[in-house]
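Let the hints inform the model, and build the full structure from the sequences given.
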Amino acid sequence: MKPTPAETEAPYPDPEALLQARVLKILKPCLSYWLDEQTLYLTLNLSRPAVTRLRLETALRELRDKAYLDFRVDPLSRLTEWRLTPSGHALAQPL
Amino acid sequence: MNLENPPPGPLEEPLLPSDSPPANPLLSLSEAQKEDLFVYLREGADDEVIFEHLAEYGCPRPTRRQLDHFFKLHAQERWTKRIDRAAQEADALVTLVGRSPGHFSDAILAALGQEAFRQIAGGKVEAGALAKYTSLFLRAKEQNRAERALDLQNKRLLLARRNATEKALDAFARELPQNPAALEAFQNLKNQLLDQTEHLEEEPS
Numbered sequence: 001m002k003p004t005p006a007e008t009e010a011p012y013p014d015p016e017a018l019l020q021a022r023v024l025k026i027l028k029p030c031l032s033y034w035l036d037e038q039t040l041y042l043t044l045n046l047s048r049p050a051v052t053r054l055r056l057e058t059a060l061r062e063l064r065d066k067a068y069l070d071f072r073v074d075p076l077s078r079l080t081e082w083r084l085t086p087s088g089h090a091l092a093q094p095l
Numbered sequence: 096m097n098l099e100n101p102p103p104g105p106l107e108e109p110l111l112p113s114d115s116p117p118a119n120p121l122l123s124l125s126e127a128q129k130e131d132l133f134v135y136l137r138e139g140a141d142d143e144v145i146f147e148h149l150a151e152y153g154c155p156r157p158t159r160r161q162l163d164h165f166f167k168l169h170a171q172e173r174w175t176k177r178i179d180r181a182a183q184e185a186d187a188l189v190t191l192v193g194r195s196p197g198h199f200s201d202a203i204l205a206a207l208g209q210e211a212f213r214q215i216a217g218g219k220v221e222a223g224a225l226a227k228y229t230s231l232f233l234r235a236k237e238q239n240r241a242e243r244a245l246d247l248q249n250k251r252l253l254l255a256r257r258n259a260t261e262k263a264l265d266a267f268a269r270e271l272p273q274n275p276a277a278l279e280a281f282q283n284l285k286n287q288l289l290d291q292t293e294h295l296e297e298e299p300s
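Chains as they are written, first to last, in this note's numbering: chain A, 1 to 95; chain B, 96 to 300.
Hints are not guaranteed to be accurate.
[What the hints assert, rightly or not] Calculated lysine-lysine pairs in the DSS-like style (CA-CA distance at most 30 Å, straight line):
{"#": "1", "chain 1": "B", "residue 1": "Lys167", "chain 2": "A", "residue 2": "Lys25"}
{"#": "2", "chain 1": "B", "residue 1": "Lys227", "chain 2": "B", "residue 2": "Lys250"}
{"#": "3", "chain 1": "A", "residue 1": "Lys28", "chain 2": "B", "residue 2": "Lys250"}
{"#": "4", "chain 1": "B", "residue 1": "Lys129", "chain 2": "B", "residue 2": "Lys227"}
{"#": "5", "chain 1": "B", "residue 1": "Lys167", "chain 2": "B", "residue 2": "Lys129"}
{"#": "6", "chain 1": "A", "residue 1": "Lys28", "chain 2": "B", "residue 2": "Lys167"}
{"#": "7", "chain 1": "B", "residue 1": "Lys227", "chain 2": "A", "residue 2": "Lys66"}
{"#": "8", "chain 1": "A", "residue 1": "Lys25", "chain 2": "B", "residue 2": "Lys176"}
{"#": "9", "chain 1": "A", "residue 1": "Lys28", "chain 2": "B", "residue 2": "Lys219"}
{"#": "10", "chain 1": "B", "residue 1": "Lys129", "chain 2": "B", "residue 2": "Lys219"}
{"#": "11", "chain 1": "B", "residue 1": "Lys176", "chain 2": "A", "residue 2": "Lys28"}
{"#": "12", "chain 1": "A", "residue 1": "Lys28", "chain 2": "B", "residue 2": "Lys227"}
{"#": "13", "chain 1": "B", "residue 1": "Lys167", "chain 2": "B", "residue 2": "Lys227"}
{"#": "14", "chain 1": "B", "residue 1": "Lys219", "chain 2": "B", "residue 2": "Lys167"}
{"#": "15", "chain 1": "B", "residue 1": "Lys176", "chain 2": "B", "residue 2": "Lys219"}
{"#": "16", "chain 1": "B", "residue 1": "Lys250", "chain 2": "A", "residue 2": "Lys25"}
{"#": "17", "chain 1": "B", "residue 1": "Lys176", "chain 2": "B", "residue 2": "Lys129"}
{"#": "18", "chain 1": "A", "residue 1": "Lys66", "chain 2": "A", "residue 2": "Lys25"}
{"#": "19", "chain 1": "A", "residue 1": "Lys25", "chain 2": "B", "residue 2": "Lys285"}
{"#": "20", "chain 1": "B", "residue 1": "Lys262", "chain 2": "B", "residue 2": "Lys250"}
{"#": "21", "chain 1": "A", "residue 1": "Lys28", "chain 2": "A", "residue 2": "Lys66"}
[Said to hold, decoys possible] Each pair of labels, with its calculated beta carbon distance range:
{"#": "22", "chain 1": "A", "residue 1": "Pro75", "chain 2": "B", "residue 2": "Arg257", "range": "47 to 53 Å"}
{"#": "23", "chain 1": "A", "residue 1": "Leu54", "chain 2": "B", "residue 2": "Phe166", "range": "50 to 56 Å"}
{"#": "24", "chain 1": "B", "residue 1": "Thr158", "chain 2": "A", "residue 2": "Asp14", "range": "35 to 41 Å"}
[Unchecked claim] Under 8 Å between C-beta atoms, here's a sample of chain B residues computed to sit facing chain A:
{"#": "25", "residue": "Gln171"}
{"#": "26", "residue": "Trp174"}
{"#": "27", "residue": "Ile178"}
{"#": "28", "residue": "Asp179"}
{"#": "29", "residue": "Ala181"}
{"#": "30", "residue": "Ala185"}
{"#": "31", "residue": "Ala187"}
{"#": "32", "residue": "Asp201"}
{"#": "33", "residue": "Leu204"}
{"#": "34", "residue": "Gly208"}
{"#": "35", "residue": "Gln209"}
{"#": "36", "residue": "Phe212"}
{"#": "37", "residue": "Ala216"}
{"#": "38", "residue": "Gly217"}
Note that these hints are calculated values from the structure, not bench results. Glycine residues also receive a C-beta, built at the ideal position from the N, C-alpha and C atoms.
Here it is, written out as structure tokens:
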């Protein structure tokens, strides 16, 4: 029997919130260290669903606006780097 | 989905499609054997060489698809583990350097930790290799410090000898007018030295 379209849908109704949760989960073990955006992007795309740069940037911006993430531009490498804020750590705890 | 209440279950789907090869014998290898095989695959070893190694492990000959499946899975695991452990490894490195003799400022230690984290998390260097380089650096630094301390000690010794000689000569000079024998010995020594100097001057150049 062929699966119906409803059965093949992603299990999470809100893919953007899912992406934000995945970002938090990756950043959680980094503790107080800064993880550069390229490594974050690469890590996210090792598993599905695939993530575009645009979606990642939007997710990061939203998390930053909610004060779950902090960012900086490394003065030497000029890379944008991210890490969890204390409230971000608390939020990522169950992930 | 509300981010504050994440759903149960994994946040991501596995890398491999659901029709991945069943019962891949390569997944039953020991961790060391898996790592060995992964290195061979990563470096582009010939299939026959890989099969020979696997035969040594008592592993049945895999298909190309099983090899690909193993490679993807192991590479993903390694990457994830590396990010998970990068902070711990960086912290350990900072502790190692912080405990070493000599003082490093907090700013330097923080910068070292961040750089170590970046290198490990970015897959540019293995955590073990970084710790090894740091140990070598600290050992070399310690050796350098020991050599400088020895050098300083030698200089102090030479200075002490010179001071002692000067003191002895001063004492000798003070004794000379009151001691005719010492005065005579001194005059003889002086004449000898002058003679030697004259002979040196007479020698053809």
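- Query: What are the numbers of the hints the structure violates, in ascending order?
  - Reply: 2, 3, 7, 16, 19, 23, 31, 32, 33
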